[in-house]
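*Asks:* Position chain C with the ligands against the provided structure of chain R, taking the given hints into account.
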Amino acid sequence: MIRCLYKGVQVPAEPSGGRTPVLRASGIVKSFGHVEALREAAFEVYPGEITALIGDNGAGKSTLVKVLSGVMQPDGGTIEVDGSPVQFGSPQDAAGHGIGTVYQDLALAPDLSPAANFFIGRELLRPGLLGRLGWLDAGAMNRRTAEELQRLGVELKDLNAPVASLSGGQRQSVAICRAVAWAERVVFMDEPTAALGVVQTERVMRLITRVREQGVAVVLISHNMPQVIELADRVQVLRLGSRVATYERGQADEHLLVAAMTGAVNQEVR
Amino acid sequence: MTALPLASRVQLRRLAVSSTLYLAVALAALIGVFTALEPEAFGSAYNVRTVLTGASILLVMAVGATFVIATAGIDLSVGAVLVFSGVVAVKVMDAFGGSGWGAVGAGFVTALAAGCGWGLLNGLLVTRARVPALIATLGTMGMALGLAQVITGGNDLGGVPGELVTTVGQGRLFGTVPWLVVAAVAVTAVAAFALAKTRFGRYTLTIGSNHEAARRSGVRVDRHVLKVYALAGLLAGFAGFLSLARFASTTIAGHGTDNLQAITAVVLGGTSLFGGVATVIGTVIGVFIPAVLQNGFVILGVKPFWQQVAIGAVLVAAVYLDQLRRRARQQH
Ligand SMILES: Nc1ncnc2c1ncn2[C@@H]1O[C@H](COP(=O)(O)OP(=O)(O)O)[C@@H](O)[C@H]1O
Ligand SMILES: [Mg+2]
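In order, the protein sequences belong to chains R and C. Per the numbering used here, the first sequence starts with residue 44, numbered consecutively. Per the numbering used here, the second sequence starts with residue -7, numbered consecutively.
Only chain R is shown next, with the shape it has when bound in the complex (with noise of 0.2 Å):
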C-alpha cells in the first residue's frame, strides 16, 4: 500500500528486481525503557551497492546499525544474511558473517598506530614459540595495514604515529579501511562524515565508492541529502523507529527525501 501526501512527486514501484538481500532485517524491535528505538523496523542491503539509511534525529538509525552489527540484541524481529536466518550475539559474530562496522563514535585507540588500531583483537603473533607467549608480529601487522589502505587509495605519512595525530579525515579513513578489512560483505559507516570539512569530506565519499568497487556493500548514514543523491544506489527512510519509504537512485530528490523523513510520505503504511 502506497501513500502520498507529498505532491508532484511520483511514488516508486516495487524495488529490488527479486535478487536476495546480502542482508536482511526484518520486523525488529528494541525499546530502551520506555524509549521504543525500533518498531517492526525492516532493512535490506543488497550485494555491491551503496544503500543509505537516513531519518530524523532519534529515528533509531544508530539502533539499528548496532543491532544489525552485533553490538546490541533485538527485542524481537529476525535478520537474514544471504537468505538464512542468522543471530548476533556479539559484533564478533557478525564479523563472523563478514559484516563491520565504523562507528559514528569512531571507536579507534587514539593513542596507537592506525596497525594497531586494524588488528585490536585480531592481533598477529610470531611464528614459534615466541608467538605462543604473545610476541606481536609488528613488521606483519605493517605490512599488511600498509596494503589495506593503499588498496583503498589511502595516503598516510607514518604508519607508526598514533591515530590521534592524524587529520578528522585521515582517522574516518583509517576506521573505514579497518573495517573494510575484515568485512567482506556489508561494511556499516555511522555518519563518517559528519565532523569533517569540505575537502576531508570529499576525499572519504570517494574512499566510500572505492569500497563499494571492491564489492563489498556499504550502508551509509549520512545527513547529507545532496551526498546521500550522489552516493546511494537505494536510499532507505527510517521514522520513529519504522522503515517508512525505500527509493533506488534517481526515483527521489531531495525535497521527497526530506518528506518521507517528516512523514510526509510513507509507503509503508500499516
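Heads up, some of the hints might be wrong.
To be verified - Each computed SDA-like pair below joins lysine to any residue, with the alpha-carbon atoms no more than 25 Å apart:
(1) K189/C - L199/R
(2) K83/C - G248/C
(3) K83/C - G246/C
(4) K189/C - L167/R
(5) K219/C - D180/R
As the list claims (entries may be wrong) - Here are some of the chain C residues that sit facing chain R, going by a computed Cβ distance under 8 Å:
(6) R191
(7) F192
(8) R194
(9) E204
(10) A205
(11) A206
(12) R208
(13) V211
(14) V269
(15) T271
(16) I273
No lab work stands behind these hints: they were computed from the structure. Yeah, the Cβ is synthetic: ideal placement off N, Cα and C, and Gly gets one too.
*Replies:* Frame of chain R; chain C with the ligands shown alone:
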C-alpha cells in the same frame, strides 16, 4: 574512563613523551651534579650498590603500577599487600621449620600467592562490582594492612630463614651485583618486553586508550583488567618476599607511602593517568629520580627533613605535570 577529544590526545602524548625525555635528562643532571660535588662518596661502587638496592623493591611495585595506570586504573594497595605477603610468608616458613631452602621455597610461593590473591580481589572489585579503582584499592589497602597487624599483633616478625637473608638479601652475583638488583632488573626487563611487544601489553594500552574500542573488537576487557590487577598484586607479593630477604623482618610500619611512591614514579616516567600511554623504561627513570635525590642529600649532609621536602616537591611536580595534561585536555 571517558574518551578524550582527539586533538588533546596529541598534546597529551607529546607532553608525556617530552616529560619522559626531560626527566631522563634531569636524572642524568642529578647524577652529574652529585658526582661532581662528591666524586668519591657518590660515585663509589658501594654507594651505587646502595642506591640500586634501595630502589629495587620499589621498582618491582612500580612496574606493576605501570600496567595498572596504563589501563587508566590505580592501585593504592601495593604497600599493604607487600606487608601482608611478607607476614604470611614468615608464618608459613615458620611452619616449615623456620630454616632451610624448603621453608624458603614455601615462603616464596606463599608471598606470590598472597599478593596475587589481593590483586585478584582488586580486579574483581573493579571489573565485577564496578567499585572505582581508587576506592576498591583503598579498601583492600586497609584490609591487607589490618589483617597483617591482626596476624602479628602489630609487632614485626623476625625468624626469616638465614639462607634467604644471606643470599637473596645480602648476596651478590659475581660478587658485585646484589641479587635484589638482579631480581628487579629481571622483572623490569620482562615487563618492558611484555608491555611494548606482546599482545598482553597491547591489550593493556588499547583498553587504557579506548576501552569501548577494545570491547567492540572482541577484547575481553574485564578479564584483561582483572589480569592486570592480579599482576600488580603478584609483583607486590614478590616485593614482599624481597623485602623479607633484605630486612630479615616484616617491616610492617615501613610501607605506608609505597603506593604513592610507586604512582609518583610511574607518572614521572611519562605514563598517562588517563591510560593508553605507558613505558616501563619511563617508570625506571621515575623510580631513580627520588632515589638519587635522597641519596645525594644524605651524602651532602643535608638534614633528613630536607630530603622529605625535596621528595614531596618531586611528588608535587609529578602531579603538576599531570595537571598540565589535564588542562591540555580541557582546552578543547
Ligand atoms: N543506549 C540508549 N539508552 C536509552 N535510549 C537510547 C539509547 N540509544 C538510543 N536511545 C534512544 O532511542 C532513540 C533512537 O536513537 P538512535 O538510534 O540513536 O537514533 P538516530 O541515530 O537515528 O539519531 C532515541 O530516542 C534515543 O534517545
Ligand atoms: Mg545516530
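*Asks:* Decide, hint by hint, whether the structure agrees.
*Replies:* Here is how each hint holds up against the structure:
{"no.": "1", "hint": "K189/C - L199/R", "in the structure": "holds (23 Å)"}
{"no.": "2", "hint": "K83/C - G248/C", "in the structure": "holds (22 Å)"}
{"no.": "3", "hint": "K83/C - G246/C", "in the structure": "holds (19 Å)"}
{"no.": "4", "hint": "K189/C - L167/R", "in the structure": "holds (12 Å)"}
{"no.": "5", "hint": "K219/C - D180/R", "in the structure": "holds (22 Å)"}
{"no.": "6", "hint": "R191", "in the structure": "holds (4 Å)"}
{"no.": "7", "hint": "F192", "in the structure": "holds (5 Å)"}
{"no.": "8", "hint": "R194", "in the structure": "holds (6 Å)"}
{"no.": "9", "hint": "E204", "in the structure": "holds (6 Å)"}
{"no.": "10", "hint": "A205", "in the structure": "holds (4 Å)"}
{"no.": "11", "hint": "A206", "in the structure": "holds (6 Å)"}
{"no.": "12", "hint": "R208", "in the structure": "holds (5 Å)"}
{"no.": "13", "hint": "V211", "in the structure": "holds (5 Å)"}
{"no.": "14", "hint": "V269", "in the structure": "holds (5 Å)"}
{"no.": "15", "hint": "T271", "in the structure": "violated (12 Å)"}
{"no.": "16", "hint": "I273", "in the structure": "violated (17 Å)"}
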